[in-house]
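Protein chains in written order, with our numbering: chain Z, 1 to 342; chain H, 1 to 342; chain U, 1 to 342; chain S, 1 to 342.
Hints in this document: simulated from the structure, not taken from any laboratory. In this text, all values refer to a predicted model and were calculated from it rather than measured experimentally. Please note that a few of the clues may not be correct.
For chains that are exact copies, the list does not tell them apart, and a pair is met inside one copy or across any two.
[What the hints assert, rightly or not] Once the Cα atoms are required to be at most 27 Å apart in a straight line, the calculated DSS-like pairs of lysine-lysine come out as:
1. Lys305 x Lys70
2. Lys244 x Lys89
3. Lys341 x Lys244
4. Lys70 x Lys119
5. Lys202 x Lys244
6. Lys67 x Lys244
7. Lys305 x Lys148
8. Lys27 x Lys8
9. Lys67 x Lys305
10. Lys148 x Lys244
11. Lys119 x Lys89
12. Lys8 x Lys67
13. Lys70 x Lys244
14. Lys8 x Lys305
15. Lys27 x Lys305
16. Lys202 x Lys148
17. Lys8 x Lys70
18. Lys148 x Lys27
19. Lys244 x Lys8
20. Lys8 x Lys119
21. Lys148 x Lys341
22. Lys27 x Lys244
4 protein chains.
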Amino acid sequence: MIIVMQAKASAPDIEGVVHRIEDLGLKPHISRGEFRTIIGAIGDESLLRPEFFAGLSGVESVMPIMKPYKLASRDFHAEDTILDIGGAKIGGDSIGVCAGPCSIESEQQLREAAIGCRKAGAILLRGGAFKPRTSPYAFQGMGEEGLKLLQAIGAEVGLPTVTEVVDVRDLELVARYADVLQVGARNMQNFRLLAELGRLDKPIFLKRNPAATIEELLMSAEYILSEGNRKVILCERGVRGFEKSTRYTLDLSAVPNIQGVSHLPIFVDPSHATGRRELVVPMALAAIAAGAQGVMVEVHAHPEKAMSDGPQQLTPDAFAVMMRELAPIALAIGRHLQTPKA
Amino acid sequence: MIIVMQAKASAPDIEGVVHRIEDLGLKPHISRGEFRTIIGAIGDESLLRPEFFAGLSGVESVMPIMKPYKLASRDFHAEDTILDIGGAKIGGDSIGVCAGPCSIESEQQLREAAIGCRKAGAILLRGGAFKPRTSPYAFQGMGEEGLKLLQAIGAEVGLPTVTEVVDVRDLELVARYADVLQVGARNMQNFRLLAELGRLDKPIFLKRNPAATIEELLMSAEYILSEGNRKVILCERGVRGFEKSTRYTLDLSAVPNIQGVSHLPIFVDPSHATGRRELVVPMALAAIAAGAQGVMVEVHAHPEKAMSDGPQQLTPDAFAVMMRELAPIALAIGRHLQTPKA
Amino acid sequence: MIIVMQAKASAPDIEGVVHRIEDLGLKPHISRGEFRTIIGAIGDESLLRPEFFAGLSGVESVMPIMKPYKLASRDFHAEDTILDIGGAKIGGDSIGVCAGPCSIESEQQLREAAIGCRKAGAILLRGGAFKPRTSPYAFQGMGEEGLKLLQAIGAEVGLPTVTEVVDVRDLELVARYADVLQVGARNMQNFRLLAELGRLDKPIFLKRNPAATIEELLMSAEYILSEGNRKVILCERGVRGFEKSTRYTLDLSAVPNIQGVSHLPIFVDPSHATGRRELVVPMALAAIAAGAQGVMVEVHAHPEKAMSDGPQQLTPDAFAVMMRELAPIALAIGRHLQTPKA
Amino acid sequence: MIIVMQAKASAPDIEGVVHRIEDLGLKPHISRGEFRTIIGAIGDESLLRPEFFAGLSGVESVMPIMKPYKLASRDFHAEDTILDIGGAKIGGDSIGVCAGPCSIESEQQLREAAIGCRKAGAILLRGGAFKPRTSPYAFQGMGEEGLKLLQAIGAEVGLPTVTEVVDVRDLELVARYADVLQVGARNMQNFRLLAELGRLDKPIFLKRNPAATIEELLMSAEYILSEGNRKVILCERGVRGFEKSTRYTLDLSAVPNIQGVSHLPIFVDPSHATGRRELVVPMALAAIAAGAQGVMVEVHAHPEKAMSDGPQQLTPDAFAVMMRELAPIALAIGRHLQTPKA
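So that you can see chain Z by itself, here it is in the shape it has in the complex (with noise of 0.2 Å):
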């Protein structure tokens, strides 16, 4: 950690800094320029945050050398970590696809969804049963019956399943049911139930927050590791901009800039963060162009009818579409789509 002193600071001021480093037992590297005084602290900055000098007399800035996480990077971890999901790999250079509808609305309604999407090649299928919606008075899910459905429909279909989880009460429960528990965006830094889920033994699909920066997003991994589940899968799905004729700004730059310091399999999800159809497909095949180890996408076989999120949803022949334009742009930059075994 480096200590950028004010021009005017003072001795003692120094001395304080010096003080303060040497009692978290670092080493203090004392550099003194031509307009200011510059302090590094040398060991191990784990043990350091900035606030523990922000607030020093004649400090002007802080600056961290260290990333604040290191279970989630790549100085920890090198290579890809690779998930396998009921015979699935996720992550490294494997591609996959988790489709389904965004509520879980009724059997049928899940069967019709399920079934075009493990034809056109996804998978993993994703459901939710319990929805975190803006309004109360909107529709919130089926709750356990919807879990019951999509564990019976993925059997059925033969695909492992992804399913949010909104209350660290519902843990155990949505365990039960899903071979994968999804962090909303909205829960991203619900620390409590990201330490909760750093203790089960079921991978963990976390999106970002709208408004998370990527540190913020892994911070958040961090959580989930540092309590000994390895099994994180991070999903960008866009963040909070000022264009209007989108619901958020997809950051695909998210998925290099994630990759080129973390090991976690990187999703996206182009249905929530464009809330537009049209838009769905170009920015899942952009996803996989840009690196990405896979996609969520949203299907539903009668979006006009669905009680959330219809604007969004692709039928199952428009996923068809895209799933065979998908395969080709994987094949450019030498990766692989996988599909299911038939």
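Since the structure of chain Z is provided, determine the placement of chains H, U and S on it from the hints.
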């Protein structure tokens, strides 16, 4: 709700929309313009949501006319809501200040801060016992022990207390010790937590998430209100912006903006918004000038030793200076700064 | 245009709006709902702007139905605009790459880059002679001498040239030497410059300002188009966001979004958007997968010695690798990568 | 400047950085930590820019220590700059209000507004003659005729005048008629215009671009200052944010933030920031409470007939109310509101 059809929308497209409106129990009202057809849905718009139409064939855009929240709106409740918290009035023309340390760290630390806050004129004492921290390796708060200290010292100095609840499972515990329960910015859309808080008979201090629009903040308040708890205080604490020299961008125009559409009291937290001590006082004064019904400010007798957010905490002396400047600003806009009874 | 009246709007308020609509030569269309009155203005909305009504007594909100641009819209011109620049086709299903150094620094530097770009398959050569720099103390470009080099070396390698005009007074000078005139992101709303460019018979490469909505970008294009020049190429180059690890946030969804409403060709500049070399190639590939009709990429034989933007410039070798990956992605989505004729 | 090397940087990588520092005439200072090597460049950092190092092999990140502006900084000029504009003092502890219509529309319209502004206590009269409009089809201002009216009516009511220059070619024309030249938000990085304004002997009113950081605003001021003109007034007028109910997000914390690092006077324009009349007064009061040295407010006797920005213009009566509330707020923070001499 107004549904704008595409220029190329067909007669069956228009019929589709009309049928959907009728199915939902409202009356369609068709207006054929020179360039496109516009369809109004006349009746109780609270039954509708844009997604009921956005996915239909031939629809270009859907514009809600009514606000999506009801109980939080001035249409529903024209007069300012005024809460009584242990004798302190919150809302309307009263201005109140909530102050105290970011985290409760020890009995002595809390007592020193509390005495300073009370003496300078705060009417509510804050202090975090459960801390939501970006890093799993950072201080997470004293937990129940902290709650006990808060209750004891609040009683000692004669101030009602405010503290954050971060986990729905802790709700009863926190409610046992504190007078006001705070929902932190990261939990603003933890809808299950909101619903549970809606079943309590305690005031809720609801902070705006840095990525939330004003409408989304009011929808989160609606979750609490719609469960029966009408004691909600809103708090602006900075939105996520691109400026790098402050932690967040304090959106002060949210204050009069919210007051135009909602009857709920609105506070401002300049400490978390700016993250820098030297900006806290000017922004607290500005908040009151903008019409806020209160500010929440962090105070620590030794900020340089604070276990969290040291750079943004005021000393009791700096806080006392702020309070002396606040009073005439309140008067200038025809309000008055409430102080504790002697 | 739809004018929504406040719940408490009086009969004279409604009359006021009706008169204003009639004064403007349009027909009012009143619809009295259960909760409020809505007034439509039927006729040529291009005569209206929301501010004609937003200030009137009793008006709650004003919603335009038509887009505020005309010549740039698909309603006006349904087919993709395809430009011919020295034999290269820009727009429609052709994909083209524009490459070259950020700044022209010397004859040798430009030649090395130009030869590399041409060899790898670029069809347009870029190079800055007038550089808009944040700091007055930074290298401001070679000026006319740079333009001469660009013209000479463009001719030498057989590529049409693109360069930025930063001052309306330089317009003739720049037009004398270059084939395509670029409007930089910071000048996107320099309306006088746009109007002058609208009177030229040269293609204009118009970059999106980092704070501009898509509608604002198209309004800036409209300034050029409405003066008679129909040769406009749009370029997405990143919007201002909160993420600190990239310079801007590349908004790739702008590509299909714009293509839905406008016939103009759209390029993407991943170099300026990300500011980091290792992100340029993935984002260039993603741009093509998303449907962009081209990318603009910075190439320098010795980026570590570049006088501007070194960290984001590709070496000719890295650029050649990128071009080899682009071609199959173009094919995957049914397009083809144009390369210069041998 | 501090250069942080990658964990895997080689000895030649480190040498490369050292040589580059020496080539630039500074002294390298190497500090080998447990995990990585850090190199300081000791000497005059104004000779450096991060890009001189960011492209070198083995470099992880580059951190400037000094601010990139000099003449605009308090390090260079510790005392507040105070300008004298026709007897009015701008800067320091004086607070002044600039008011007038958005656009000059006619002699009568300008006179009515000017009389109202003067009477209520404004010390500067604003009015736009050249209007930068998003749409080419919108009213573009009265041009030179407007400038003549502004000069005549300014003299008539006894107020110095402020007007925007939108085209570098109009500079002499505008300077002939107006006392203060305004650079609009969209031109904040029109560097050629800034440089020309730097050669004038007139005060420049420089508005912050909605996508500009505070550092970028100060760099634009530096363009003017470095050409010799030291009379610069800064103005915060809202940044681009995600909130849809206001035009921009007013960043009031920019006021004390800028005052900490720069000696230049800082104004706030709540009219353009919010775009809504009912928010203008609260935000003007808040701006003064936050320490702004003035506000710029739009006033029109008949806002509902204004040719631009009607919804945000105050009537003279509303403006007078605002002025009466401003004075005690100025006093509350130890300043005083200047008014014209009788």
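Quick rundown of the hints versus the structure:
{"no.": "1", "hint": "Lys305 x Lys70", "result": "between (45 Å within a copy, 25 Å between copies)"}
{"no.": "2", "hint": "Lys244 x Lys89", "result": "neither (37 Å within a copy, 32 Å between copies)"}
{"no.": "3", "hint": "Lys341 x Lys244", "result": "neither (42 Å within a copy, 42 Å between copies)"}
{"no.": "4", "hint": "Lys70 x Lys119", "result": "neither (40 Å within a copy, 43 Å between copies)"}
{"no.": "5", "hint": "Lys202 x Lys244", "result": "neither (37 Å within a copy, 32 Å between copies)"}
{"no.": "6", "hint": "Lys67 x Lys244", "result": "between (34 Å within a copy, 13 Å between copies)"}
{"no.": "7", "hint": "Lys305 x Lys148", "result": "within (22 Å within a copy, 52 Å between copies)"}
{"no.": "8", "hint": "Lys27 x Lys8", "result": "both (24 Å within a copy, 22 Å between copies)"}
{"no.": "9", "hint": "Lys67 x Lys305", "result": "between (46 Å within a copy, 23 Å between copies)"}
{"no.": "10", "hint": "Lys148 x Lys244", "result": "neither (38 Å within a copy, 40 Å between copies)"}
{"no.": "11", "hint": "Lys119 x Lys89", "result": "within (18 Å within a copy, 39 Å between copies)"}
{"no.": "12", "hint": "Lys8 x Lys67", "result": "between (30 Å within a copy, 15 Å between copies)"}
{"no.": "13", "hint": "Lys70 x Lys244", "result": "between (37 Å within a copy, 19 Å between copies)"}
{"no.": "14", "hint": "Lys8 x Lys305", "result": "between (67 Å within a copy, 22 Å between copies)"}
{"no.": "15", "hint": "Lys27 x Lys305", "result": "between (64 Å within a copy, 19 Å between copies)"}
{"no.": "16", "hint": "Lys202 x Lys148", "result": "within (18 Å within a copy, 37 Å between copies)"}
{"no.": "17", "hint": "Lys8 x Lys70", "result": "between (36 Å within a copy, 17 Å between copies)"}
{"no.": "18", "hint": "Lys148 x Lys27", "result": "neither (57 Å within a copy, 38 Å between copies)"}
{"no.": "19", "hint": "Lys244 x Lys8", "result": "between (46 Å within a copy, 23 Å between copies)"}
{"no.": "20", "hint": "Lys8 x Lys119", "result": "neither (69 Å within a copy, 34 Å between copies)"}
{"no.": "21", "hint": "Lys148 x Lys341", "result": "within (24 Å within a copy, 58 Å between copies)"}
{"no.": "22", "hint": "Lys27 x Lys244", "result": "neither (51 Å within a copy, 29 Å between copies)"}
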